[in-house]
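Below, each chain spelled out in residue letters.
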Amino acid sequence: MSIRRFLAALQARNLEFLRDRTALGWNLIMPVLIVMGFAFAFSTGQEELYKVGLYGQSDQDLAVHDFLQTRYVDFIPVDELERMIEKVDRHQIDLLLDLKNNRYWVNSTSPKGYLLEQLLTPYQLKREAVSGSEIRYVDWVIPGVLGMNIMFSALFGVGYVIVRYRKNGVLKRLRATPLSAFEFLSAQIASRLLMIVAVTVLVYAGTNLVVDFRMIGSYWLLFLILVLGALSMISVGLLVAARITSEEAANGLLNLISWPMMLLSGVWFSLEGSHPLVQNLALALPLTHMVDAARVVMIEGAGLADVTDQLFTLFLFTLCFVSIGSKTFRWE
Amino acid sequence: MIEAENLCKYYAGVKAVDGVSFAIPRGVCFGLLGPNGAGKTTTVEMLEGIKTPSSGIIRYKGEPLGQRFRNEAGIMFQHTALQEFIRVDEVLKMFQQFYSHTRPIEELVEVCALEEFLTRDTRKLSGGQKQRLLLAIALINDPQVVFLDEPTTGLDPQSRRNLWHQVRRIKAENKTLVLTTHYMEEAFELCDEIIIMDHGVIIAQGNPKELLANHFDNSVITLPLSALPADFRADEASTLHPQDGQMEILSRDVDATIHYLAAQHIPLKQLQVRSPTLEDLFLELTGHHLRT
Chain R
46 MSIRRFLAAL QARNLEFLRD RTALGWNLIM PVLIVMGFAF AFSTGQEELY
96 KVGLYGQSDQ DLAVHDFLQT RYVDFIPVDE LERMIEKVDR HQIDLLLDLK
146 NNRYWVNSTS PKGYLLEQLL TPYQLKREAV SGSEIRYVDW VIPGVLGMNI
196 MFSALFGVGY VIVRYRKNGV LKRLRATPLS AFEFLSAQIA SRLLMIVAVT
246 VLVYAGTNLV VDFRMIGSYW LLFLILVLGA LSMISVGLLV AARITSEEAA
296 NGLLNLISWP MMLLSGVWFS LEGSHPLVQN LALALPLTHM VDAARVVMIE
346 GAGLADVTDQ LFTLFLFTLC FVSIGSKTFR WE
Chain F
397 MIEAENLCKY YAGVKAVDGV SFAIPRGVCF GLLGPNGAGK TTTVEMLEGI
447 KTPSSGIIRY KGEPLGQRFR NEAGIMFQHT ALQEFIRVDE VLKMFQQFYS
497 HTRPIEELVE VCALEEFLTR DTRKLSGGQK QRLLLAIALI NDPQVVFLDE
547 PTTGLDPQSR RNLWHQVRRI KAENKTLVLT THYMEEAFEL CDEIIIMDHG
597 VIIAQGNPKE LLANHFDNSV ITLPLSALPA DFRADEASTL HPQDGQMEIL
647 SRDVDATIHY LAAQHIPLKQ LQVRSPTLED LFLELTGHHL RT
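These protein sequences, in sequence, are chains R and F. Following the numbering used here, the numbering of the first sequence begins with 46 at its first residue and continues without gaps. Following the numbering used here, the numbering of the second sequence begins with 397 at its first residue and continues without gaps.
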């Protein structure tokens with residue numbers, strides 16, 4: 046490994062990215078526009094459905110049988126009581142029913158909780174009140190939008206670009222020099238990582254100016270999640286680019302990877318209550334782990350110990366994809 | 397300097413190169429000639445270490461191709477691109493960083509005449525300017541062997557002449573040159589030794605002038621077909637090769653043949669006489685034209 050050769054390849058790629066104003070502008074502006082759009086669309090904090098968590102099973106659940114038949118209410122069976130109470134606290138669910146102990150939790154400041162509570166009056170359940178402030182949809186969606194932007198930038202900025210280099214002969218020209226495949230690939234990874242970090246920091250700051258969103262966790266931890274998440278996504282791009290010679294094929298494959306990842310990684314909506322198959326599939330996608338970790342840090346103020354699993358998984362994804370990608374890489 | 401022994405390259409049942417052997421001595425300009433699809437680019441890409449031979453051996457200074465070769469070789473590819481949004485001077489600096497031993501950039505700018513577009517984006521170069529930049533990149537490591545793969549294809553006559561001039565300067569520095577081309581006059585102008593390839597094999601090998609002397613003891617007289625009667629026959633000193641509306645008469649005795657034509661009352665206004673070229677040699681060896 047020659048640092049001089051690595052730095053030369055890194056600088057060339059950085060210049061190429063920074064001077065391509067159209068792509069750079071798109072990378073910076075698109076996520077801000079998306080977040081602003083969502084902030085505007087969901088400025089009232091209203092969602093279509095009422096959400097009620099159902100904790101525990103009981104013979105007595107027939108007692109609230111009629112309530113459970115209420116239309117336009119999404120009843121979600123839940124396992125972890127403590128976590129769900131927190132969700133009531135943050136307005137993420139409107140009411141939590143403990144079927145076994147005939148009690149419910151509601152947020153005293155939530156209008157939706159108030160309405161649901163009125164429907165429960167005839168059943169004479171014990172009321173447990175919480176009064177945390179609301180987490181808006183925009184607070185919830187921001188980690189997802191930033192994650193999605195990172196995913197597209199990593200996949201297309203590495204995968205597509207290397208395939209284009211291969212097709213137009215840039216790789217062939219570089220191969221005829223002492224630059225090794227390892228040096229070249231490291232430079233591509235490092236360049237894209239630097240760009241993603243810089244762009245994400247700018248987008249984060251810009252979005253925060255427009256929509257004052259919730260961030261109660263550690264910035265250093267969020268930064269670590271950003272770096273590991275970006276690396277795992279770049280390594281997917283590297284894997285795609287290892288051998289493909291046609292830009293059209295690369296484009297198709299990258300879309301095939303990025304769209305399901307965007308839809309199944311909980312970027313736009315929570316996967317809680319979705320089919321177990323979908324939830325398991327989501328666990329196989331690096332974006333899920335990055336968005337989950339970023340979300341709990343930003344919204345719930347989670348610490349390092351709370352996101353160790355996600356960080357380790359992202360690290361494993363990176364290690365695995367980079368190993369296969371560089372082993373199978375071909376200049377031509 | 398470079399030896400190739402029984403090189404073969406197969407693609408899905410097609411023999412692109414089929415058992416080619418030759419040696420390139422130090423300091424010569426070595427030409428690989430042949431029509432498109434003859435196997436010359438595949439052969440040269442195996443020599444450059446870009447393609448792996450299906451079988452056969454390549455040695456550079458007696459060793460298999462490796463890091464030493466990559467440090468000491470300069471390559472100008474036929475089809476290649478450079479990273480976008482980067483200026484000419486930045487490209488040169490990047491390639492300079494890849495090598496431990498390099499030539500000063502100012503020197504290359506002068507040798508390859510890059511001064512007028514040194515700060516221009518590589519996407520905005522003309523064909524001739526891009527070829528000069530690619531030549532400069534090929535020379536940046538002060539190479540001992542320089543590969544030029546069809547360097548003048550697609551260039552206008554003036555750019556071609558300019559490039560020939562630059563190649564002669566490289567030759568004057570006593571570097572070994574390996575040149576592929578399908579322009580016979582280019583090979584004749586620049587090469588000390590050539591191999592002519594067709595269908596993946598070598599059909600002739602040697603010094604261009606000696607090859608012509610060995611294969612031809614005649615000159616070529618050309619007349620339009622329309623100037624000749626339908627039952628025209630050659631004299632004893634010549635043979636006829638009609639092509640593209642022209643009649644090429646290969647004559648061992650030009651004076652006698654022209655007297656014969658005059659005696660036949662054939663109008664000689666458009667008559668041309670020239671020495672045989674490598675193009676004629678190719679036709680003689682294969683029965684078909686080089687550029688078809």
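Take the hints with a grain of salt, since some may be wrong.
Once the Cα atoms are required to be at most 30 angstroms apart in a straight line, the calculated DSSO-like pairs of lysine-lysine come out as [said to hold, decoys possible]:
1. R:Lys217 <-> F:Lys605
2. F:Lys447 <-> R:Lys372
3. F:Lys457 <-> F:Lys447
4. F:Lys665 <-> R:Lys217
Derived by calculation from the structure, the hints in this document are not laboratory data.
Each hint tested on the structure:
With a CA separation close to 35 angstroms, the supplied pair Lys217 of chain R and Lys605 of chain F exceeds the 30 angstroms bound. Distance hint between Lys447 of chain F and Lys372 of chain R is fulfilled; the C-alpha atoms sit about 18 angstroms from each other, no more than 30 angstroms. Restraint check for Lys457 of chain F and Lys447 of chain F: the C-alpha separation of about 19 angstroms stays at or below 30 angstroms, so the hint holds. Only pairs whose Cα atoms come within 30 angstroms are accepted, and Lys665 of chain F paired with Lys217 of chain R is rejected, the gap being roughly 52 angstroms.
The structure fails hints 1 and 4 (numbered hints given earlier, in ascending order).
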